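With the sequences and hints as input, model every part of the structure.
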Amino acid sequence: PHTAYVGIKYNSNPSPMDISNCLGQYGLKRSTYTDYLVQQPNFEYMLYIITDMAIKKPGKSLWYIGTNRSIIYVRDWLYAHYPILIGNVGIYTTLTPKEMKQNELNKKIILSTTKSAGAAMDIKGLVETVNLAQPFRSKVLAQQTFGRTRGDNTVYKDIVDTAFSQTRAYYNYKKPVFSKYATECKEVILRNNELKERGEAIKEKQANLRPAIIFEDDRDKYL
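Using this note's numbering, read the sequence shown as starting at 1 and increasing by one per residue.
FYI, nobody ran anything at the bench for these hints, they're computed from the structure.
Because the structure is a prediction, the values reported are computed rather than measured.
No more than 27 Å apart at the CA atoms, straight line, and that leaves these computed lysine-lysine pairs for DSS-like: (1) K180 x K115; (2) K175 x K9; (3) K115 x K9; (4) K203 x K108; (5) K186 x K124.
If you want it as structure tokens, here you go:
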């Protein structure tokens with residue numbers, strides 16, 4: 001064992017209509033759920049928290065997100081709110097031409113799906129894996145995704161939406177895998193007030209760090 005596991009729980013606060021839209025005859029419609037999730041205010045607060053930790057950590061971070069649509073959404077969000085990351089967020093999915101995929105693995109934050117970042121994949125310099133928005137139940141897949149980090153003192157963060165009984169069940173079902181293979185297992189619960197408070201604080205800090213936009217007509221004022 002060389003990787004620690006952290007389960008981070010929060011609530012996406014879905015409406016009854018959201019829940020209905022995400023559920024089908026066979027349970028959770030995972031693609032629909034993922035595309036719902038990434039646009040929720042509480043997910044954005046979580047995104048601020050996870051990003052703030054990732055950019056402070058030396059090495060690369062791999063984030064699992066369940067659909068290409070949501071991966072593009074998160075990439076664009078990162079570029080809009082963290083200009084320092086522009087050009088340094090990789091996409092490793094079917095969206096990326098084969099000849100460009102290796103280059104995407106050299107970026108600071110890599111966005112992928114569990115299918116694209118497969119079992120034997122090795123990402124040099126990877127210090128953190130985050131299951132950000134891809135619900136799954138498989139214990140085999142849990143072991144494979146956990147195995148992406150191969151260095152000592154690395155971490156796997158499992159972001160769990162407690163609003164859906166299915167995602168809670170997935171989390172509990174996979175626990176034995178992480179208990180067996182992790183150096184340690186921790187659970188963090190971010191309730192709505194704390195999540196918002198931490199997210200807003202990081203949001204404000206980032207807003208203050210962004211450079212002022214100088215429009216052409218106003219350039220003489222700053223020269």
